[in-house]
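All chains should be built: construct the whole structure from the sequences, respecting the hints.
So the protein lines, in turn, are chains E and V.
Read left to right, the first sequence gives residues 1 to 110 (the numbering used here).
Read left to right, the second sequence gives residues 1 to 111 (the numbering used here).
Honestly, the hints are just simulated from the structure, not real lab data.
Residues of chain E clear of chain V, computed beta-carbon distances all greater than 12 Å:
#1 PRO8
#2 GLY16
#3 GLU17
#4 ARG61
#5 ASN63
#6 SER70
#7 THR107
#8 VAL108
#9 ARG109
Computed footprint of chain V on chain E; a stretch qualifies when at least three of its residues, placed anywhere within it, have a C-beta under 8 Å from a C-beta of chain V:
#10 37–44
#11 82–95
A virtual CB, placed ideally from N, CA and C, is assigned to each residue, including glycine.
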Amino acid sequence: KQEVTQIPAALSVPEGENLVLNCSFTDSAIYNLQWFRQDPGKGLTSLLLIQSSQREQTSGRLNASLDKSSGRSTLYIAASQPGDSATYLCAVKDDYKLSFGAGTTVTVRA
Amino acid sequence: ETGVTQTPRHLVMGMTNKKSLKCEQHLGHNAMYWYKQSAKKPLELMFVYSLEERVENNSVPSRFSPECPNSSHLFLHLHTLQPEDSALYLCASSQGADEQFFGPGTRLTVL
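Encoded structure:
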């Protein structure tokens, strides 16, 4: 059974600092890995999708890396802003099933 | 309407009620999913439909009954729920095993 762990569970940083969010998974036979953002009480917004054959993906201030062999992914958010405050979820896919981590709750202080 | 929509957004029901959650996707996808998100727990996959056939049933109690009448619509029928079923229920869709897109969720409270 795939298990996904996200560390840290919560993170508070001053505005402008770079954010580093970690995700690890136990079974490296994945199809892809997705990073999501969730605002309180809301649905999930997809941020980045990395296919199993890729090493990283970038979108604006966001960069995600994937090391499938070691079962790790890292999400970097450059120059954080108060609007980046949210919970960030990592999910790995094998076949149709997405397995989620518990998330990292980020607070960016103005 | 664009993306994935869910109705109602909020639902309060008693344990003896019967209600249904509705999900509609406007993305032309061929797979749809129900997830449950409880407080302090990771998202849990409940059901997967691919090409309108159920391909995954993740040990969900029978008081939850999914229905997928066509590739754009997904329902979750609820009956005789328990207070511990109170959660955010999220619907998602995808094209095959590609990126999943989520709806805004239905916040369910069982009294």
